[in-house]
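Trainee: Fit chains B, C and D to the given chain A structure using the hints.
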Amino acid sequence: MNSILPQLLINGIVAGSIYTLIALSYNLIFKLTKFSNLAHGGVLMIGSYVALYLTQNSLANLWISGLVGMVLAGCGGFIIEKTTFLPLRKKGASSMVLFIASLGVMMIIQAIIVIIFSNQSWNLLSIDTISVTYSIFGGLISNTQVLILLIDVIAILILTALFKLTLFGKIVKAIGDDAETAKVIGIDTEKYTGIVVFIASSIVGLAGILISLDAGMEPSIGLGFLFKGIIASIIGGANNFLGPVVGAFFLGLIENVGIWKLRGEWKDVIAFVVLILYLSFRKIKTLKE
Amino acid sequence: MTMIKIHNLRKRFGRADVVNNFSAEIFKNTIVGFVGPNGSGKSTVINLLTGVETIDHGDIYISDILVKNKKKLINNYSFNISRTYQDPRIFDQMSVLENVLIVLNKRKVLSSFFETKKPFNSSKVEEVLRKVDLWGKRSALAGDLSYGQRKILEFARVLAMDTRICIFDEPFAGLFAEMKLIVSELILDLKASGKTVVLIEHDMDQIVKLADYVLVMNAGKLIAKGKPSKILSRNDILDIYIGKDLHEK
Amino acid sequence: MEYLIHLAILLSIYAILGISLNLLLGYTGLISLTHASFFGMGAYVTALLLVHTKTSFLLSVLLGVILVMPISTFLGMISDQFNKNDYMLVSLGLNVIIFGLFNNLSNLTNGALGISGIPRPVLFNIDFSSNSNYLLLALVLLLLIYLFSHYIVRTSFGRVLKTIREDENVSKSFGFNTRYYKLVIFVITASMAAVSGSLYASYFSYIDPSSFSVTTSMLILSITIIGGLASLPGTLIGTLFFILFPELLRFVGIPSEEVFQLRQLMFGLIIVLLMMHRPQGFMGKYKL
Amino acid sequence: MNNVKKVVISIVLVIALTAVIGYTIRNKSVSKPPSSESNPIVIGSILPLTGDYLSVYGVSIKNAINLAADESGANVKVIFEDEHGCTPADAVSAAQKLISIDKVKNIVGTMCSGSSLAILPISEENKVVVISPSATSKNLTGKGQYFLRTIASDADNSKALAKYASEKGYKKGAILVNSAQDSLVSQKDDIKTTFVDLGGQLVAEESYIASSNKDFRSQLTKIWSSKPDVIFVSALPDDLALILKQANTLGITSVIIDTDTSAGTQQLIDLAGKLSNGLIFPFNPVPTNKQYTDFVTAYKSKYGEDPSAYAAEGYDAMALMIKAILASKNGASDDVKKQLLQIGQGYEGASGVISFGSNGDVEKPINIMMYEDGKPIKAE
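Each protein sequence line maps, in turn, to chains A, B, C and D.
Going by the working numbering, the first residue of the first sequence is number 148, and it counts up by one from there.
Going by the working numbering, the first residue of the second sequence is number 10, and it counts up by one from there.
Going by the working numbering, the first residue of the third sequence is number 25, and it counts up by one from there.
Going by the working numbering, the first residue of the fourth sequence is number 484, and it counts up by one from there.
If we strip away everything but chain A, and leave its shape as in the complex, we get:
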């Protein structure tokens, strides 16, 4: 009985690569705006549904509709930031008020998508395109999955380069660490926040497109994937840049390898049990200091 572990590992890595994009982009925004932004899950869906609309009406091939999806998701995130969250922050709204407002925005985006596209779940590639699969160390991986891994690696490299090496990245880090002093020394924090939100939103739009390429997309999935992204960015350690990447792959692997012993219906439960265990250990560690 050839062990199924390699296949589960491959599934975990592919899931992890999608969680990475969500966790990274969520973390970028969280560090600047300091609140859990549920609208990020809505922006994820904007990306995938724009791509669906373009491919469905054959207005563009897969690549172009993917890019357009990303850019529009970026604009969507940017517009939401400027019209809703910025004025709220200007009014001195607390992080809880911002969280509830983001819940409202999420409901709006989901409702609009359901009105236009209905609740039907779909896959970007017409399902019956038989995908070529390669076998590596005992497991099978389809060409779409390889594509997803490639895109994921490229995205991580670009983001790390952008936020770690460039001056722009340093400024963003400064704002993240202490927005007040950043303002004092003349950085236009709102402009940078806007740019970072645009980048992060297009990345999460990319994640939406990859989900609809790989497994399948449906209006009620956005929030679920966002929670996985949030958990990944927390357990990966939100303070260093690549923390969420580690957290995302860890979560992807735990969920998929976990199914070896448990049934698939426990998938969501596993993710949150991991979160609560992590937070409790982190708490015990700080108490011991």
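Keep in mind that the hints were calculated from the coordinates and are not lab data.
Keep in mind that the hints are not guaranteed to be accurate.
Straight-line alpha carbon distances no greater than 25 Å define the calculated DMTMM-like cross-link-like pairs of lysine to aspartate or glutamate that follow [as the list claims (entries may be wrong)]: (1) B/K117 / C/E192; (2) D/K812 / D/D553; (3) A/K238 / B/D153; (4) A/K238 / C/D191.
Which chain C residues stay away from chain B? Per the calculated CB distances, all over 10 Å, these [said to hold, decoys possible]: (5) L31; (6) L165; (7) L268; (8) L286.
Since the model is a prediction, treat every value here as computed from it, not as a measurement.
Using N, Cα and C, we set each Cβ at its ideal position, and we do this for glycine too.
Mentor: Relative to chain A, chains B, C and D alone:
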């Protein structure tokens, strides 16, 4: 009899020794002035004393009980200490009356469950609020008060708590002249009723007027202690405080 | 007329949930998304007892509360160690986990098949199968819980809760064991949710895990916030708004399903607008 | 404080206003139409029109019901109410509203077994005839004197499938089920017990929760590791299509049997295409019978898309309901029920030959079908 004994206290934030082996004694039923330029570590010593910060090294004895505060916040109430903060920490979205009433609450959950709004001590609250002339504003939200009024409200709260040791962190900041007079009167009353008062203040006139004893701190160390009149006229003290060139002229 | 009675019963069930969450969030500042799980526990205990045993309705409500108390104490202790943002995520996680238990432990809860045939109570020889009688039962329980909450808020206990909401460290320095206070109010509100769960199970005579999911917790949260934090009458207004409004949509002439889609769009819009202009909700006295 | 009062009062006024206006419009159009015809037959319908993935089927059934109403030629007024994704509470609200406000005596609906169970107490108490087009759970059988179904309870389908599998000599069976959908869970239970009773060996049982994640690969990997001869899948078409795709990428070659009749609709072919080849599923309408093909063409011409699962059953339920009401004396429920039982014997409906049993369940001839490049053929 020493009410508070501090023995070579040390506290480090990052690489800076904010307080390094600071020792002092505060005697019972006296008003102690605690002076020093900004950033000399005065507030940190007080925070260590009231458990807001954990002690890195050194011991604090409060009425001869060694303060063991591994946990972040010791329960000041059990050590019979009450304090105000440089930036007043009052309950903004509660009324002025409730801000003071809370300290007279029953502490145990069960007993507080059966203590309804009309407690006996509301007369005590009225007395305290009248003293600081806030009774008129008692139903206003604490958050809507001016900075001076917030300071006064926190001061009133310490009065209402009636603890043996009262620590005031710049109580006179932001007050009008006649309000300063009222506060200094009240501090003297506290001493008269047997309390021990620690006063962190930059307003030297008040220190000279009120303090029986002064501790001068700079760069985390205690550099002088003694009678205010004697201490504050010394050149080396003035140098640190007002800066060398200024007081030379 | 039956329809209005039905709505009134629905209102009182969700009002109880709203009031209990308001005690937690409006007065103590704890934003908990686990409420639908306690709502579910109460419902399942009553359902299982009424279907499989001959216990009376009141006893089943009591047993529901007795079961929820230790569980909520344990969950309260777990979630208490976290700061505000983590607390909310942990509470959300607990809801997902408990929903998973409801759905997957099928030999106990029948899983997605749910439990049907839950009888209506017969108390002091009044038969509660007619909705008007049931409305009395629901209103009595709502009144009791409302008065109890009104009492809590008026005591020193309630005042300490508000200080925990404002600045917990200062409250601690006054000698209040804030962890214990938070735990007690968490258990009380969980028990209230269990009571409304029992009402829900016996009224609808059928329950399945879908009514106790995270979306229900978010609905209760919206009711509390829109109604008004730290204002019990505000919660009643909030419930009125969230339960009546969708029912009104049934009367609007356009029968197409777009109208029903608009419901969610409208709720989202209202939440955002309210957060912009009145974060404390209609009649609230506490801004988040 | 007073501006808060103003805000609250204005909102309550707005709500009251919309209620009054809505109420009057609704009453005017329903009860006193100026036309000379006798009052229209009022039929209620409760379906999941919003909420999650179920609304795809709810909307399609609604279209089928409207189609049946138009084709009946009678003056029929259908009032649709939303049960918001099969939540029992919403279904009960919808039923209460239909019964007490619109004074409806006949309802075609609720789609899910759970919400049907929830509305039964009210509908039975008010003697309202309810025909469900898609509630298949067996604990609905005999629960309501006025409750009928135009879909066979899945117990018989699952038993037939298990018998088919064991006759084909499949020894090792595996299960993949959407554990959040009640009808699918009961199908899984039935097929599991029957397959094991007939000597089959259950080698793996996996599940997923539909609306949270569409990645079934790890479950399929685990199933495939025990190399089952046959995999019994209990899923609705859109998940089923994704399962077939992911099974294909994992190189799974076992025979796949879907336990839900919904697999037999064009919707699955559109989604899964060639991947559906070899899929075995239960289906009641004889695909070659004229009524089914007429229904599909009529539906397609009216709505421009193919009917989803359960639409045919909805169409038959409506048609039967209208015929029974017309035949009955002034629509008294007992009489309508009697007529339904009479008309509904060997009734050649779009969803197959319908003959109601005394308990309102319908026994339909069960056809086990298989897809052969997009065409359903009888699996031998």
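Trainee: Each hint needs a verdict: does it hold in this structure or not?
Mentor: Each hint tested on the structure:
1. B/K117 / C/E192: holds, 16 Å
2. D/K812 / D/D553: Status holds; Cα separation ~22 Å.
3. A/K238 / B/D153: Cα-Cα ~17 Å, so holds.
4. A/K238 / C/D191: Holds, because 21 Å separates the two Cα atoms, which is no more than 25 Å.
5. L31: holds, 34 Å
6. L165: C/L165 clear of chain B: closest Cβ-Cβ about 21 Å, beyond 10 Å.
7. L268: C/L268 is indeed farther than 10 Å from all Cβ atoms of chain B, at 30 Å.
8. L286: holds, 35 Å
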